[in-house]
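I would like the entire structure built from these sequences, with the hints used as guidance.
Chain by chain, the residues run as shown.
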Amino acid sequence: MPSDNTENNRLLVAISHKTQSINLLIKAKQLSEQMNAPLQAVHIETLRNTTETDKQQLQRNIETANNLGIPTRIITDFDIVKGIIRFAIQEGITHIIVGKQKQNVLNLILRQHSFASKLNQLSEGIHIYWLSTSAKKDYEIRPGASKTAFSSDWTDYVITTICVLISIFGLYVYKDSLGYRAVSYLLLLEVSAMAFKFGTGPVLVASALSALFWNFLFLPPQFTLHIENTEDVLMFVLFFTIALLNGVLTSQIRNREFKIRKREEITQILYNFSKQIADISNAENLKKATSDVFTKLFKCESILFFNDDISTLLTETMPSTERKLALWCYENSKVCGKFSDHFQESDYTYFPLSGLQTKTGVIGLKLTKQLKFEEKQHLDAVMVQISGKLERAIVSKIAQKAELLDASDRLYKTLFNSISHEFRIPVTTIMGASDTLMTENYPDEIKFQLFNEINIASIRLNNLIENLLNMSRLESGSISVRPDWYDVHDLINKVKEGIRQELDEFNFIIEIPDNFPLIRVDFGLIEQVLHNLLLNATQYSENGSTINLSFKIEDMSVLQIKVADNGPGIPEKDCNVVFEKFYRAHSMRTGGTGLGLSIAKGFAEAHKGEISAYNLPQGGACFVVKIPTEISDIEQLSNKIS
Amino acid sequence: MDSVLVIDDERQIRKLLEITLTANGYHVIEADTGNKGIKLAASHNPSIIILDLGLPDMEGIDVLRSLREWYHKPILILSVRKSEEDIVKALDFGANDYIPKPFRTGELLARLRVALRNTQPETDMSSLQFNNLTIDLSKHIVQKNNEIIKLTTTEFSLLALMTQNEGRVLTHTFILKEIWGYGYVDQTQYLRVFIAQLRKKIEDNPSQPSFIITESGIGYRFNGV
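Chains A and B, in that order, are what the protein sequence lines are.
Under our numbering, the first residue of the first sequence carries the number 1, and numbering increases by one thereafter.
Under our numbering, the first residue of the second sequence carries the number 1001, and numbering increases by one thereafter.
Calculated directly from the structure, the hints in this document are not laboratory data.
Virtual Cβ for every residue (Gly too), placed ideally from N, Cα, C.
Which stretches of chain B does chain A cover? Using the computed rule of at least three CB atoms under 8 Å from a CB of chain A, they are: (1) 1183-1193; (2) 1210-1223.
Here are a few chain A residues that face chain B, going by a calculated C-beta distance under 7 Å: (3) Asp484; (4) Asp487; (5) His489; (6) Lys494; (7) Leu518; (8) Phe523; (9) Ser638.
What follows is the structure in structure tokens.
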């Protein structure tokens, strides 16, 4: 029983396609818990052909292993025993658990003996436990277990028979010059050659026919089945044996090769698929790739629903019953539809997709026949890929959302701090000044100054509100551009009127080329852009310095507005961030929310334009706005219409 | 004494208007809902109505419409909405002028005076005088600093339309319809060109006009004072 050195014990249980394997698994699990050692399960797939019922039972066994939390691997080997040992050595297994079947004592002894002796040959230090699995005898009859070896098409039999007959006829014509021995070699060659093309059955038939005809037509005495010479008897037996061996072995090799090739093909499909979906970033392509891989694997139609789709599933174009099934599959995480335990009347079979933590979607397959054991494994491989991909997408979406929330939370806090402060200053001024005016009777001059302060404070409040409203318009994306024809002079006059008080302190120079055309823009948006840029210039320049505003049309289609000041310029590292919300450089004046330039940028971009900032070589900052626009030459137009 | 009906739901605005208007010799009646406003307008028949577009019980534009069914004296729109669309709509529905909130009381009083003056029949409409600009409507002669200015027919019609509605904002649609006809209400480009030309001829400094004032997104106003 358990070895004393329990620390490094690793258990392996070998499972087959028999029902007893389930008991074996349970016992192995109990043992592993007793020994406190990790347990793995392995199934050795041999080249022996198995029936569908076997495969299904194996599938159930593997599922049971998974349910018990036993990691299971399937490996291929010619020999079960060798396979198990190879795997055991590879995985550093210390104990192998094998099922003991009671029904056949001889078989048991033989197997036990062979297993043990093979094991001794190959490896030392691996313990083997033969666990009794079931008292019930395994009476299961497995019909046609190796049927496919003889399952060649009847045409193959006809072809091989005809070939043999033709060659016998040809050889019979030249039999005198060849001699009966040479004929036998030639026939042997032919039968051997056939093994490359045909299955065991036809080759056996061909070899039997060849032997009989050779005996009958060539071997003296001719036209009898009697063989005189002992040497010839031996020859006949050898002939038959060699043909048989040749045929069977070759067909076995071909069979194996066929299996390997098929497996390779599928591996290739799966590999390509996993490579393909790694690069996919949108839903449509993933759906297409999925549908392609199922066409290749099972030659069937497929549909893929994501987590996102599930809610819209009810509006898809498929029949309502199918939609309900897909939804049922998603909600219950169970296979349903055709060939399954639930709702078999459906056209599709639905398989739930689930990642490590989340349900990711549903795959529907329009299968024509029930999936075989290997196909089920391939499907699992594909589903794991897809659900992995989907889960990554879901997780990254959640992360993104969290980040957004975080950003908006920070924005909210900054806004709150900055804005409440900005509101307080003018409100304090208004409260103080009006209170003073009410309580004391001051001379008119002082009264006027106080009134003026109230006025300035209220304008500042109004600007603040304007900025906030504009910001919220930008954030909510509710800005619509309504362009119309305007004269730039009107635009400038409107802007100047709004910040006359501020501009009065500066040497404000406007440069507009003569005969400047009409431009087609949204007046309100461009006015706000200009307003904010000019106000920004007044905030960051010394009184009495020059602020320059110039207009230009580029390439007959772009309005370029430049606002240059004589201030300290933008800190070199900040040229890219001045347009960010709440950015504020050290200002000449107090106040300001750090929203103005950000709004200017937002409005310029809403107008499909762009805005940039740089420092002038002679000092001062320069802001350039470029707005795509139609232009209309006033002179030309007036000649045309008057 | 002219009486003014103020229809606005904000108490502070009504208070401010009451103080300002009373101090300037108007009799003020107040209503805080559209329904009350309509009733008061019917019972008091004020000389002018100041109407806020955002009211709690009904849309300001509907109040305007129902007032205009029988009330033919001036209506001034007071609007906090910056949306030009609402203002243009109100003007096209028969409002005489608009004042955006927040407003300067000086401006409000000026608009009020203009609106009231426009209702009084002009004694002599054939000749108009604005500073250095004289317009003889019957003879189609325009003089600036006593020099005759040559205007095309369209330019003259435009100037005549604007001067006859001096101080009042005229929407683009209204001007285009009056001068060019219904088919041209979308041709703001035409209007810009003619205004630019007219300014060149009558303004001292066309890039900073003193007569023809642009109301951005809404229309033009002729400033005679």
